[in-house]
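Chains as they are written, first to last, in numbering that gives the first Met the number 0: chain X, 0 to 173; chain D, 0 to 173.
Because the hints were derived from the structure by calculation, they are not lab data. Take the hints with a grain of salt, since some may be wrong.
No copy is singled out in the list; a pair is fine if it fits within one copy or between any two copies.
As the list claims (entries may be wrong) - Here are the simulated DSSO-like pairs of lysine-lysine, each with C-alpha atoms no more than 30 Å apart in a straight line:
no.: 1; residue 1: 65; residue 2: 79
no.: 2; residue 1: 170; residue 2: 125
no.: 3; residue 1: 125; residue 2: 79
no.: 4; residue 1: 80; residue 2: 125
Since the model is a prediction, treat every value here as computed from it, not as a measurement.
There are 2 protein chains.
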Amino acid sequence: MVIFVDMDEVIADTYGEHIKIYNAEFNGSLTTEKCSGTEVWKMVPEAHQESVRKHATRTGFFKELKVIDHSQEVLLQLSKKHDVYIASAAMQFPNSLEEKSDWLDEHFPFIPWQNRILCGHKHILKGDILIDDRSYNLTNFDGRGIQFASPHNVHTEGFERANSWLELGEKLFE
Amino acid sequence: MVIFVDMDEVIADTYGEHIKIYNAEFNGSLTTEKCSGTEVWKMVPEAHQESVRKHATRTGFFKELKVIDHSQEVLLQLSKKHDVYIASAAMQFPNSLEEKSDWLDEHFPFIPWQNRILCGHKHILKGDILIDDRSYNLTNFDGRGIQFASPHNVHTEGFERANSWLELGEKLFE
Numbered sequence: 000m001v002i003f004v005d006m007d008e009v010i011a012d013t014y015g016e017h018i019k020i021y022n023a024e025f026n027g028s029l030t031t032e033k034c035s036g037t038e039v040w041k042m043v044p045e046a047h048q049e050s051v052r053k054h055a056t057r058t059g060f061f062k063e064l065k066v067i068d069h070s071q072e073v074l075l076q077l078s079k080k081h082d083v084y085i086a087s088a089a090m091q092f093p094n095s096l097e098e099k100s101d102w103l104d105e106h107f108p109f110i111p112w113q114n115r116i117l118c119g120h121k122h123i124l125k126g127d128i129l130i131d132d133r134s135y136n137l138t139n140f141d142g143r144g145i146q147f148a149s150p151h152n153v154h155t156e157g158f159e160r161a162n163s164w165l166e167l168g169e170k171l172f173e
Numbered sequence: 000m001v002i003f004v005d006m007d008e009v010i011a012d013t014y015g016e017h018i019k020i021y022n023a024e025f026n027g028s029l030t031t032e033k034c035s036g037t038e039v040w041k042m043v044p045e046a047h048q049e050s051v052r053k054h055a056t057r058t059g060f061f062k063e064l065k066v067i068d069h070s071q072e073v074l075l076q077l078s079k080k081h082d083v084y085i086a087s088a089a090m091q092f093p094n095s096l097e098e099k100s101d102w103l104d105e106h107f108p109f110i111p112w113q114n115r116i117l118c119g120h121k122h123i124l125k126g127d128i129l130i131d132d133r134s135y136n137l138t139n140f141d142g143r144g145i146q147f148a149s150p151h152n153v154h155t156e157g158f159e160r161a162n163s164w165l166e167l168g169e170k171l172f173e
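The whole structure should be built from the sequences, with the hints applied where relevant.
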């Protein structure tokens, strides 16, 4: 099987980084829980929103992201049985491209460059499974779309859902 | 229609740049004609081959590439009628990623980030047409593959061929 796996919010914790930066710079007290059902930038005062929306354009933002729990061990096992690709809609942020490649080298060295995709629209992907947090990516995918839980999609319905990598592992090793 | 267009040797002249750098650094007299049917690095003395093979890892290499004749005008017209994507197997060279994005901004601003793909294997692409110079990319593509002429593929057979962007324009606007 060909399995595509999104990066941000699926294997890389962007929410955590947004919150960490915001709290540090504006003496804030945001938490992931407070951002449930929405986006981080929408949870800050209007005067700070522009700053949060530009986090992703900063040099180093994508280098610092924490790995989502258990994604490494499950993907390592999956990649032994299946053709696993990382597919990130990264082209919006040219500064992120090399950082994302370096981040994958560091945390997912078992996914070789041949299996890494930085793109825009994801409906050009041809494969069996797409694991992604964003509904608009899943809607236009031809195969089995699995929505990975993220604070912004806790109220989203209509997709097969995985709340953790352990749950994903169970689904995909059935 | 969804049309994928490769970068190196299809819209960006890597051969010309390899030859320019080699001749400047080794006082060479290579020409594109001399490299017909082979790769640039195979046409230099063995002691210089490693140097040529590493051109693509240099900062700035992809920034300097000349645009292949008529690719801009034909792609501009194509992109008005079709869903045109640039798809480059760039992940092997992390240094190239941002440079390729910048180069597209400069020379192909009408192809938005949503329609840009930096990848490894191209058999994960789902669309109607792939224009590429490399046989291994065309072989595994499900749709119509068109081999774009490049010095290295002058003797390659088995694919529909386009010798220039003017010819491609005629084919695709039929």
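Hints, one by one, checked against the model:
For the homomeric pair residue 65 and residue 79, the shortest alpha-carbon distance inside one copy (24 Å) is at most 30 Å, but the shortest distance between copies (41 Å) is not. When the C-alpha separation of residue 170 and residue 125 is checked against a cutoff of 30 Å, the pair qualifies both within a copy, at 21 Å, and between copies, at 26 Å. Taking the shortest alpha-carbon separations for residue 125 and residue 79, both the intra-copy value of 20 Å and the inter-copy value of 24 Å come in at or below 30 Å. For the homomeric pair residue 80 and residue 125, the shortest alpha-carbon distances inside one copy (18 Å) and between copies (23 Å) are both at most 30 Å.
In this structure, none of the earlier numbered hints is contradicted; all agree with it.
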